[in-house]
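First to last, the protein sequences are chains W and P.
The first sequence runs contiguously to residue 217 in my numbering.
The second sequence runs contiguously to residue 351 in my numbering.
These are computed hints drawn from the structure, not numbers from a lab.
Be a bit skeptical, because a hint or two may be false.
[Stated by the list, open to error] Listed below are the simulated SDA-like cross-link pairs for lysine to any residue, each with C-alpha atoms no more than 20 Å apart in a straight line:
| # | chain 1 | residue 1 | chain 2 | residue 2 |
| --- | --- | --- | --- | --- |
| 1 | W | Lys216 | P | Leu141 |
| 2 | P | Lys242 | P | Arg336 |
| 3 | P | Lys133 | W | Asn215 |
| 4 | P | Lys133 | P | Glu76 |
| 5 | P | Lys242 | P | Ser40 |
| 6 | W | Lys43 | W | Thr130 |
| 7 | W | Lys47 | P | Leu53 |
| 8 | W | Lys136 | P | Gly111 |
| 9 | P | Lys189 | P | Pro123 |
| 10 | P | Lys82 | W | Gln132 |
| 11 | P | Lys184 | P | Ala206 |
| 12 | W | Lys113 | P | His90 |
| 13 | P | Lys82 | W | Glu121 |
| 14 | W | Lys43 | W | Ile139 |
| 15 | W | Lys216 | W | Thr130 |
| 16 | P | Lys255 | P | Ser298 |
| 17 | P | Lys39 | P | Arg336 |
| 18 | W | Lys216 | P | His90 |
| 19 | P | Lys133 | P | Gln145 |
| 20 | P | Lys133 | W | Arg217 |
| 21 | W | Lys136 | W | Asp116 |
| 22 | W | Lys136 | P | Asn295 |
| 23 | W | Lys47 | W | Gly131 |
| 24 | P | Lys82 | W | Gly131 |
| 25 | W | Lys136 | P | Val112 |
| 26 | W | Lys136 | P | Ser15 |
| 27 | W | Lys136 | P | Lys19 |
| 28 | P | Lys189 | P | Gly275 |
| 29 | W | Lys113 | W | Leu135 |
| 30 | W | Lys47 | P | Glu76 |
| 31 | W | Lys136 | P | Leu54 |
| 32 | W | Lys47 | W | Phe184 |
| 33 | P | Lys19 | P | Thr5 |
| 34 | W | Lys43 | P | Val10 |
| 35 | P | Lys319 | P | Gly299 |
| 36 | P | Lys184 | P | Leu127 |
| 37 | W | Lys136 | P | Glu116 |
| 38 | P | Lys242 | P | Gly299 |
| 39 | W | Lys136 | P | Ala110 |
| 40 | W | Lys43 | P | Lys82 |
Fair warning: this is a prediction, and the values are worked out from it, not measured in the lab.
Below are the chains, spelled out letter by letter.
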Amino acid sequence: MSQDMLMLLVEGLGETFYMVTVSSLVSALFGIPLGVVLVVTGKGHIKENLVFNQTLGAIVNAARSTPFIILMVAIIPFTRIIVGTSIGTNAAIVPLSIAAIPFLARVVESAIKEVDAGLIEAAQSMGASTGQIILKVLIPESMPSIVLGFTLTVISLIGYSAMAGAIGGGGLGDLAIRYGYQRFRADVMLATVVILIAMVQIVQSSGDYFAHRLNKR
Amino acid sequence: MIMLTELQKVYQGESGPVKALDNVSLEIEQGEIFGIIGKSGAGKSTLIRCINLLERPTAGRVLVDGQDMITLSEGELREARKRMGMIFQHFNLLSARTVLENVAFPLELAGVSRSEREKKVEPLLELVGLTDKRDVYPAQLSGGQKQRVGIARALASEPKVLLCDEATSALDPQTTESILALLKDINNKLGLTIVLITHEMHVIKAICDKVAVIEGGQLVEIGKVFDVFTNPQSATAQDFIKAVVNNKVPDTLAKLLSEVPIVGGNLVMRLSFFGEATNEPFIAGLIRRFAVDVNIISGNIDHLQDIPYGTLLIELSGKDEDIQNALRYMQDLDLRTEVIGYVARHAHVAG
Chain W
1 MSQDMLMLLV EGLGETFYMV TVSSLVSALF GIPLGVVLVV TGKGHIKENL
51 VFNQTLGAIV NAARSTPFII LMVAIIPFTR IIVGTSIGTN AAIVPLSIAA
101 IPFLARVVES AIKEVDAGLI EAAQSMGAST GQIILKVLIP ESMPSIVLGF
151 TLTVISLIGY SAMAGAIGGG GLGDLAIRYG YQRFRADVML ATVVILIAMV
201 QIVQSSGDYF AHRLNKR
Chain P
1 MIMLTELQKV YQGESGPVKA LDNVSLEIEQ GEIFGIIGKS GAGKSTLIRC
51 INLLERPTAG RVLVDGQDMI TLSEGELREA RKRMGMIFQH FNLLSARTVL
101 ENVAFPLELA GVSRSEREKK VEPLLELVGL TDKRDVYPAQ LSGGQKQRVG
151 IARALASEPK VLLCDEATSA LDPQTTESIL ALLKDINNKL GLTIVLITHE
201 MHVIKAICDK VAVIEGGQLV EIGKVFDVFT NPQSATAQDF IKAVVNNKVP
251 DTLAKLLSEV PIVGGNLVMR LSFFGEATNE PFIAGLIRRF AVDVNIISGN
301 IDHLQDIPYG TLLIELSGKD EDIQNALRYM QDLDLRTEVI GYVARHAHVA
351 G
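Construct all of the structure, not just a fragment, from the sequences and the given hints.
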């Protein structure tokens, strides 16, 4: 493999890393609170509001059932408003985040639902407010599961980011299509696949490690 | 300290409304250990949760330390709850926090600074005997140790009332003993009012001053533990007491009993005595005074609230006239006597 090719791979890796990191952070920023809201407004929970809960649930489901490749194209006007362009890595971050937020929200929701109702009752008996119950009981107690769910989200984002190449998003996926597929460069194809596999492995292992460290049960 | 007036709690069940509490009124005094006993589903969990309003009653009044709980705003209710501690059957400790952090939790909720928290938690850990476990996570503790953490946590905010929700039901008998002893100790040392619910009469017997018996959401009996034990009025209370006081007529004897006197037969009777009466050698007196033989079938002497309390199941044999005289003598004494029945002489060999 030539020096140029290597440079392209490093550049692609950097772009993928950038897209995945930023969209992961954005999805955590919105997805975790959204997951919390989905739980606490649910039936019998501390801030029950069924109409709101079901409406929010329907929106989350709608976003999740739209295939990523379609979502990416469909929200182009929105992407333009946010980042001012519809091509490039920055533009790709918008649909990546939009796709990951509801996914992470559902994962966080199921993680928090695992928290024993007795713990909430105990906190209430000590005079905890809703905010304190969320921040000091629900989230810390479900942290290991949330970390694993976040890991899953990051891995999905690595996969989705490869598709972002389709709207000129750059990254390893873009490289694999332009060189590996369209120019029959099997070595490039192989290299991108190997790098992607390694990335997923590293993310999964770190996720498992942190989840294990956090789990005191 | 706590006054519940005409409490009602109705749940909307799948097949119509379910009455969990039906017109329950009771008063719990400052410094008392008050037990509420009932079978599962009797409404005792709902009742204890109505005190700190984890369950809001459908109707009725809840007064705690002179404060009408039901009219409080959300914020005021949170403040009121901080003056009540609660412990649970399944401990409900936060798994992601160490023992120290768990005990400090109520203080953290109240906005007490970290250094101040540690200062307050240390003596509590000492009180419950867990000083060496302060940095351990709950998963590494035994059930009894977890409940000790629960107790220390409940005491952290210096409450006036401690609510115990089946606090010993998930523990083995020895651990139960030690937790009950700890509760009694806390009651003595801190003058804390303790309300506990249980389905086990021995818990009531071990530490409570007063007991309320509930069944089907209704209060069926209430009184001093000693009175309820020695003279239970309701069938439910009698059932519970049978579990801890063994004065049953043995089956082999019960089969031979006749309710009407048998000429030349023996009299079987149960005697209950307490306080001073336990010190008197009245059986010896009985034999000396009357020409009767006394056969003790079963008996036990125990202490309730430090008052000796005993029951004896005895069989009297002799001439019919002597037996009747002996019976009248005993009925005049400070004893509770209950004629169980008559058996034909030699029909039964008491073991």
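Hint-by-hint comparison with the structure:
no.: 1; hint: W:Lys216 to P:Leu141; verdict: holds (12 Å)
no.: 2; hint: P:Lys242 to P:Arg336; verdict: holds (17 Å)
no.: 3; hint: P:Lys133 to W:Asn215; verdict: holds (19 Å)
no.: 4; hint: P:Lys133 to P:Glu76; verdict: violated (35 Å)
no.: 5; hint: P:Lys242 to P:Ser40; verdict: holds (18 Å)
no.: 6; hint: W:Lys43 to W:Thr130; verdict: holds (16 Å)
no.: 7; hint: W:Lys47 to P:Leu53; verdict: holds (16 Å)
no.: 8; hint: W:Lys136 to P:Gly111; verdict: holds (13 Å)
no.: 9; hint: P:Lys189 to P:Pro123; verdict: holds (13 Å)
no.: 10; hint: P:Lys82 to W:Gln132; verdict: holds (14 Å)
no.: 11; hint: P:Lys184 to P:Ala206; verdict: holds (9 Å)
no.: 12; hint: W:Lys113 to P:His90; verdict: holds (18 Å)
no.: 13; hint: P:Lys82 to W:Glu121; verdict: holds (13 Å)
no.: 14; hint: W:Lys43 to W:Ile139; verdict: holds (19 Å)
no.: 15; hint: W:Lys216 to W:Thr130; verdict: violated (24 Å)
no.: 16; hint: P:Lys255 to P:Ser298; verdict: holds (16 Å)
no.: 17; hint: P:Lys39 to P:Arg336; verdict: violated (28 Å)
no.: 18; hint: W:Lys216 to P:His90; verdict: holds (17 Å)
no.: 19; hint: P:Lys133 to P:Gln145; verdict: holds (9 Å)
no.: 20; hint: P:Lys133 to W:Arg217; verdict: holds (16 Å)
no.: 21; hint: W:Lys136 to W:Asp116; verdict: holds (14 Å)
no.: 22; hint: W:Lys136 to P:Asn295; verdict: violated (66 Å)
no.: 23; hint: W:Lys47 to W:Gly131; verdict: holds (11 Å)
no.: 24; hint: P:Lys82 to W:Gly131; verdict: holds (16 Å)
no.: 25; hint: W:Lys136 to P:Val112; verdict: holds (15 Å)
no.: 26; hint: W:Lys136 to P:Ser15; verdict: violated (38 Å)
no.: 27; hint: W:Lys136 to P:Lys19; verdict: violated (35 Å)
no.: 28; hint: P:Lys189 to P:Gly275; verdict: violated (27 Å)
no.: 29; hint: W:Lys113 to W:Leu135; verdict: holds (15 Å)
no.: 30; hint: W:Lys47 to P:Glu76; verdict: holds (18 Å)
no.: 31; hint: W:Lys136 to P:Leu54; verdict: holds (19 Å)
no.: 32; hint: W:Lys47 to W:Phe184; verdict: violated (57 Å)
no.: 33; hint: P:Lys19 to P:Thr5; verdict: holds (16 Å)
no.: 34; hint: W:Lys43 to P:Val10; verdict: holds (19 Å)
no.: 35; hint: P:Lys319 to P:Gly299; verdict: violated (24 Å)
no.: 36; hint: P:Lys184 to P:Leu127; verdict: holds (12 Å)
no.: 37; hint: W:Lys136 to P:Glu116; verdict: holds (19 Å)
no.: 38; hint: P:Lys242 to P:Gly299; verdict: holds (14 Å)
no.: 39; hint: W:Lys136 to P:Ala110; verdict: holds (13 Å)
no.: 40; hint: W:Lys43 to P:Lys82; verdict: violated (26 Å)
In this structure, the earlier hints numbered 4, 15, 17, 22, 26, 27, 28, 32, 35 and 40 are contradicted, and the remaining ones agree with it.
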